[in-house]
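> Listed below, chain by chain, are the residues.
Number of protein chains: 2
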Amino acid sequence: LALKGSNYAGLLERHRIHTKNVEHVVDSLRNERIEVRLVKRREYNEETVRWADAVISAGGDGTMLLAASKVFDKFKPVIGVNTDPERSEGHLCLPMRYTHSFPEALQKLYRGEFRWQWRQRIRLYLEGTGINPTPVDLHEQQLSQEQHSRAHINERFQDQRSDISDPHLLPVRALNEVFIGESLSSRYAVCSVLFRENFKSCKPSFKFSLHRASYYEISVDDGPWEKQKSSGLNVCTGTGSKAWSYNINKVANQAVEEILKIAKKHGSLNMPLNMELVQKVTNDYNESLLYSPEEPKMFFSIREPIVNRVFSSSRQRGFSSKVCVRSRCWDACMVVDGGTSFEFNDGAIASIMINTEDALCTVLLEE
Amino acid sequence: LALKGSNYAGLLERHRIHTKNVEHVVDSLRNERIEVRLVKRREYNEETVRWADAVISAGGDGTMLLAASKVFDKFKPVIGVNTDPERSEGHLCLPMRYTHSFPEALQKLYRGEFRWQWRQRIRLYLEGTGINPTPVDLHEQQLSQEQHSRAHINERFQDQRSDISDPHLLPVRALNEVFIGESLSSRYAVCSVLFRENFKSCKPSFKFSLHRASYYEISVDDGPWEKQKSSGLNVCTGTGSKAWSYNINKVANQAVEEILKIAKKHGSLNMPLNMELVQKVTNDYNESLLYSPEEPKMFFSIREPIVNRVFSSSRQRGFSSKVCVRSRCWDACMVVDGGTSFEFNDGAIASIMINTEDALCTVLLEE
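Protein chains in written order, with the numbering used here: chain A, 1 to 367; chain B, 1 to 367.
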């Protein structure tokens, strides 16, 4: 890492801080005679979740997403402690101060000085021809090429591909969002795998272009099907409205200022165009993109829609209860919370919706 | 393809149309006793370009980008014929009607009923530690896993990595844009290659998440360095201002309407908010994103900037003569015209600018 120019000393320090913070949480729990099983990412599974009365994630928002990804019981509380304040905003975690005084959080829980918060999540049904409902974990680390090859060849020869057109309910619930888009740049993308001896990992030596338009058809709330071409489709929850969706849709001061200048000119408006007004309008617009994690509604946004002779989008974003997508993609995927992905190619149809049974139970401590 | 549900008959038909259109162009040229070498993508190289007095691309805009990518002589005309009207907008090609009446175009050229058009292009310098100036062709098709493995291992063992910090001028000129961003989702992304016997191609069986924020520092026109985190940085030419850059930056009616509604409320404006005004403002704003291919200036835009405690962006987009970027990325690349990519990881510094010597010579026929 140091040879690459990375800040190895910095990484080591953050790891030290994280480890110390984890110990603090574990000690606080054991001091209250609470039985604690401390597991790392790769040991965390549904059996561990079943054993636990509650799950605490110690890391950043990404770790919280991982923790939530194995919890399907709406009465199993999942609590996040941000042990990595420099890297993570901690939107999904308890306020920062409990990181160093976790007993305070425990006391509030004992005294009932909190309320339950149910974060709504998205479920996915997949149907159609040639679909593959096998999830791929994008965070899998450091398996050797050989181990992975064997695993995948076994999967394929067990013929996971289904010709049954009954909708499969996929074994995931999106806490932030589902993103649908093309993953590779070229129809015949070739990847050669180079075994890096120092890392014991494989990295493809080809970089894939990030820009390949996704072609699909979309129907919102059982409305008419519309052909679209874009850089992808994002469907989020209230929780996810603060995440990637926010970055896709937010507007910059600079753009609002230009829009208001043009409007003033065209509308012959007597409008004092000061930075205060521009800032207010920008803030209001951006705030309108956010909503409560507990609202059972989804927000869809089309990223960089391509509008030309063939394709159009009547609405670039909006709220909905149900979104159906038919893939016309060559090599696309549905990515859940940036961590799990499913093939989503020509012939596949996804139905995306919220079911309140899938909500994730968390806590909001009184302040 | 048919088993996947793809429209095989449709693909075959488009191929037939394309082949017929290519024959028309070649015949028209040979009828004028012009010597023609017809080459496919994989046979097209700098030797062929040197042999030719002019280069004609027969395909869509993508083929034109490929044709231009091997031309570095500002006096070697490159002309595009759109043989694939259903799939390509043909922005870079001659107007559609010449596809079926190419002799008409030839006559105009003979009679001087045209003007030369020089499309400005972007050049790239790469310097810093551990850089790898080896370009990767993202359109490489159908090499076997074995051939590619061998090729890349040979490259690596020849130690292409340079510790010299002198800037390397990369052997590419961007006709549309340079895009900088992270390519893989996970630090230890693993890719297992599955040899598909029917396709004779390799497709990674892992899909890579499309969302991994890119971390870099940017200096515009030798201004102060600014740390940024975003979904990537796009720097385009006038030609490229109609392409991906346009899709990144254009604003939707829907968004303009909401912004004007908010402005009206905040500014207590007496403004009749009708769809006509909204449409005018939207069109004006979007048109301001476009500029002439012949202008020697670049337009940079930051895609989905992440603004929080650590990162900010003073300007999300703008014109510039020079953009410098220091990578703080783990596994990023610079992608030129969606077709060629270079590693761009922590330690690398890119300088991006237009030099009028790099312009591409094309023609504008009189109408």
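Keep in mind the hints are simulated off the structure, nothing from the lab.
Since the structure is predicted, the reported quantities are computational estimates derived from the model, not experimental observations.
Warning: the hint list may mix true and false statements.
If several chains are the same, the list does not tell them apart, and a pair holds so long as it fits within one copy or across any two.
What the hints assert, rightly or not - Think about it this way: if two alpha-carbon atoms lie no more than 20 Å apart in a straight line, the pair counts; the simulated PhoX-like pairs of lysine-lysine are:
{"no.": "1", "residue 1": "K227", "residue 2": "K40"}
{"no.": "2", "residue 1": "K264", "residue 2": "K280"}
{"no.": "3", "residue 1": "K229", "residue 2": "K242"}
{"no.": "4", "residue 1": "K227", "residue 2": "K322"}
{"no.": "5", "residue 1": "K40", "residue 2": "K322"}
{"no.": "6", "residue 1": "K108", "residue 2": "K280"}
{"no.": "7", "residue 1": "K261", "residue 2": "K280"}
{"no.": "8", "residue 1": "K322", "residue 2": "K76"}
{"no.": "9", "residue 1": "K264", "residue 2": "K297"}
{"no.": "10", "residue 1": "K108", "residue 2": "K242"}
{"no.": "11", "residue 1": "K227", "residue 2": "K265"}
{"no.": "12", "residue 1": "K40", "residue 2": "K242"}
{"no.": "13", "residue 1": "K280", "residue 2": "K70"}
{"no.": "14", "residue 1": "K280", "residue 2": "K242"}
{"no.": "15", "residue 1": "K229", "residue 2": "K70"}
{"no.": "16", "residue 1": "K76", "residue 2": "K297"}
{"no.": "17", "residue 1": "K70", "residue 2": "K265"}
{"no.": "18", "residue 1": "K280", "residue 2": "K322"}
{"no.": "19", "residue 1": "K40", "residue 2": "K20"}
{"no.": "20", "residue 1": "K322", "residue 2": "K297"}
{"no.": "21", "residue 1": "K40", "residue 2": "K70"}
{"no.": "22", "residue 1": "K264", "residue 2": "K227"}
> Evaluate K280 and K322 at a C-alpha cut-off of 20 Å and name the case that applies: within, between, both or neither.
neither (32 Å within a copy, 33 Å between copies)
> My question is about K322 and K76: at a cut-off of 20 Å on alpha-carbon distance, are they close within one copy, between copies, both, or neither?
Intra 26 Å, inter 54 Å, cutoff 20 Å: neither.
> Checking K40 and K242: alpha-carbon separation at most 20 Å within a copy, between copies, both or neither?
For K40 and K242, neither the intra-copy (27 Å) nor the inter-copy (48 Å) Cα distance is at most 20 Å.
> Under a CA distance limit of 20 Å, which applies to K227 and K40: within one copy, between copies, both, or neither?
Neither: 43 Å inside a chain and 32 Å across chains, both beyond 20 Å.
> Evaluate K76 and K297 at a C-alpha cut-off of 20 Å and name the case that applies: within, between, both or neither.
So K76 and K297 fail the 20 Å test inside a copy (22 Å) and across (57 Å) alike.
> For K108 vs K280, is the C-alpha pair at or below 20 Å within one copy, between two copies, both, or neither?
Neither way: K108 and K280 sit 37 Å apart in one copy and 56 Å across, limit 20 Å.
> Evaluate K322 and K297 at a C-alpha cut-off of 20 Å and name the case that applies: within, between, both or neither.
For K322 and K297, the Cα distance is within 20 Å only inside one copy (9 Å; across copies 45 Å).
> Should K264 paired with K297 be assigned to within, between, both, or neither, using CA atoms and 20 Å as the limit?
neither (36 Å within a copy, 28 Å between copies)
> Indicate which option fits the pair K40, K70 if close means a Cα-Cα distance not exceeding 20 Å: within, between, both or neither.
Answer is within; shortest intra-copy Cα gap is 13 Å, inter-copy 50 Å.
> Evaluate K40 and K322 at a C-alpha cut-off of 20 Å and name the case that applies: within, between, both or neither.
Answer is neither; intra-copy 35 Å and inter-copy 46 Å both fail.
> I want to check one pair: K261 and K280. Are their C-alpha atoms no more than 20 Å apart within a copy, between two copies, both, or neither?
Both, since 15 Å and 12 Å are each at most 20 Å.
> When Cα atoms must be at most 20 Å apart, do K280 and K242 count as within-copy, between-copy, both, or neither?
Only inside one copy: K280 and K242 sit 19 Å apart there, 31 Å across copies, limit 20 Å.
The structure shown violates the earlier hints numbered 1, 5, 6, 8, 9, 10, 11, 12, 13, 15, 16, 17, 18, 22.
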